[in-house]
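*Asks:* Turn these sequences into a full structure, and let the hints guide you.
Those sequence lines, one after another, are chains V and U.
Residues in the first sequence are numbered consecutively from 1, following the working numbering.
Residues in the second sequence are numbered consecutively from 1001, following the working numbering.
To be clear, the hints were calculated from the coordinates, so they are not data collected in a lab.
Be aware that a few hints might be false.
Calculated from the model, a selection of chain U residues having no Cβ within reach of chain V, i.e. all distances over 10 Å [to be verified]: (1) Ile1002; (2) Leu1505; (3) Met1555.
Reference excerpt, derived from the structure (chain V facing chain U, CB under 8 Å, subset only) [stated by the list, open to error]: (4) Met46; (5) Ala49; (6) Leu55; (7) Pro79; (8) Val84; (9) Glu98; (10) Glu103.
Partial pick of chain V residues on the chain U-facing surface, computed with a CB cut under 8 Å [to be verified]: (11) Leu28; (12) Leu33; (13) Ala34; (14) Val72; (15) Ala76; (16) Pro81; (17) Tyr90.
Cβ coordinates follow ideal geometry from the N, Cα and C atoms, glycine included.
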Amino acid sequence: MSRPRPPRPPRDELAEATPHGVLYLRRLRHAQLALSVLAVVAFGGMLGALPLALLLLPGLAGVRPLGVPLPVWLVAVPPFPVFVGLGILYERRARGLERAFREIVGDDDAA
Amino acid sequence: MIAVVAIAAVTLGALGLGAYGVRFARTTSDLFVASRAVSPWFNAAAISGEYLSAASFLGIAGLEMKLGASALWLPVGFTAGYLALLLFVAAPLRRLGSYTIPDFAEARLGGRPVRLFAAALVLAIGGLYLVPQLKGAGLTVREVTGAPYWAGVVAVGLVVALNVASGGMRGITCVQACQYWVKTFAIVLPACVLLIVLGGLPERAALFGRELPVAPEGGARVELARPAPVTFPRAATVTVDGAAIHAGAGEERTLPAGELVVPAGTTMPVAEGVPAQTGRAWSRPVAPGGGTASPLFVYSLLVATFLGTMGLPHILARFYTNPDGAAARRTTVRVLGLLGVCYLFPAVYGLLGRVLVPELYVTGETDSVVLRLPEAAWPGLGGELLGALVAAGAVAAFMSTASGLLVSVAGTSAHDVWPGRSVRGRVRRFRVAAVAGMAAPAALAFLARDVDISVLVGWAFALAASTFCPLLLLGIWWTRLTLAGAAAGMVAGAATATGAIVAGLAADPGAGTLAEGPVDALLAQPAAVSVPLAFAVMLAVSRRTRPPREMQGAMLALHLPDGLGPSALR
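*Replies:* Structural data, given as structure tokens:
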């Protein structure tokens, strides 16, 4: 590519987008947003509860797997696999929503 | 000596890989976005390599040693930022097919002024971030090899500028991906080996019990280059150049320059700004009361890092190198995994450092704990080898972050601020911008040699979080965002963040990142106020103005699944 492509499609192409298609696309956008917000709520619930739980349960510091207090373990290790798990779930669902959209608009390559 | 070889190997390796990458870098698209052909695993390694800066590599362990387990929220927040990117930004931003964030701003909102304003922000954030990278490289190389400060700055600056100017995004993708593995290896292997050599965590009582850090067996020796103001948490007798100094519990003293010896088992005096904490207090990630473990500070930090990461222009620029939106998502999921692996280990260095190198509490230079630890824990060849590995990893960290920053600075300069008309003109200007973009921060790094510049990273982060984060979130998901609204919100966010940082500096020039009360916390971490304010201004002003005409087209491009043109909507 020799020069940057203008990011918005040309107007005549846009004119072909019928109100019907635009409606489907708006539904897709809303569905994607709802999915993302759901994921944030799930994530925020889990991670957001952690500081509060550690604050309210000072007794956890007495539990020491391998000699390290449990609160240190809880902050240092489990958040990372949870992030990856959430990411994988989200990616799958988002792909599913797009597949459904392709089918509605009748794309032949819907896979 | 081994360290010099290791650092030279990493530096030459980066140059070699960069030279190899040059063969593929011919077109503008190569230079700016690596022709959008980087596969997810490769790209994820490059993104992680770029993101794991020295702040993560050295800083988290240092902060943990200094402040306690509350510092462990940092890696959590840094990783969570990628979840936010994945959920709201990655795929749509890539689909719009722009080259830079200012491109996105103009395509979505229309109007050249907004592009220029966004470009100015990219340059400011990139510049603020580059200076500490170069300064850190200079200090690390000096600490490890004894070479003068300028040697590290010049070496890292030259290699990065050469690689970026010659290979652009295409060239450095390869370099950064390899640097991720160098860093991971350099942080994971020494941590594991040291734990095995030591047979687990040493002296648990000092780590987690009622004790304060004490001088290890054989006493602690610290070379004080200048008089050091310290606090003695317990009564102690120490010697400086053989002269005994006796201090009562809680007494503040200024130790004269010279060799300080703290006898074995004596509680270590601590530098100004370093809290003397018992193991129990130190190991609490959250605690009632003030300080960095207070719930307010922890939540504010988590929110700031969650939202701030998506505003960092050098991170966003990497997303344009994905083949399509779906690949951008897959890349981000892999980044979450790669970052998680690396972020498990800084905690180990902080824990070990508290017991094994407590002399860093006297000077307050806990940032060098990762570099000092291997030789302190395992005297002899083994420790020296591990120390060399860690130093090489740190230099790789400075280089990969600096390359990413320089690509985004050069890309924005040559694309948005000073675009060339012909292909050759654009390529040439990209190269000129890469060299100039490195020269200015390098000069600043020389000037700021003895100045504490840790505040610059916080400033850059706050700027990114309070301008680009609301611009992207609302621009992608809210059709009614207008040019006036976005501009007003970004100006308000940038002004508030900058104002708070400047006010914080004026109130207490030496404050750095140590926040004592809620007000200090907000001045040092203004994102908690400036981000909501930027959102509010964008929403309020947009409601009162008309959305731009071409908005429909940009929204289509953002959200239409990959491979479907607008004709699919027939």
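*Asks:* Compare the structure with each hint and give your call.
*Replies:* Do the hints match the structure? See the list:
1. Ile1002: At roughly 30 Å from the nearest Cβ of chain V, Ile1002/U sits farther out than 10 Å, so the non-interface label holds.
2. Leu1505: holds (29 Å)
3. Met1555: violated (8 Å)
4. Met46: Since chain U brings no Cβ nearer than about 11 Å to Met46/V, farther than 8 Å, the hint is violated.
5. Ala49: Since chain U brings no Cβ nearer than about 11 Å to Ala49/V, farther than 8 Å, the hint is violated.
6. Leu55: For Leu55/V, the interface hint holds, since the closest Cβ of chain U sits about 5 Å away, which is under 8 Å.
7. Pro79: Constraint on Pro79/V satisfied, holds at 5 Å.
8. Val84: holds (5 Å)
9. Glu98: holds (4 Å)
10. Glu103: violated (11 Å)
11. Leu28: holds (6 Å)
12. Leu33: Status holds, d = 6 Å.
13. Ala34: This interface hint is violated because 11 Å lies over the 8 Å limit.
14. Val72: holds (5 Å)
15. Ala76: holds (5 Å)
16. Pro81: holds (7 Å)
17. Tyr90: holds (6 Å)
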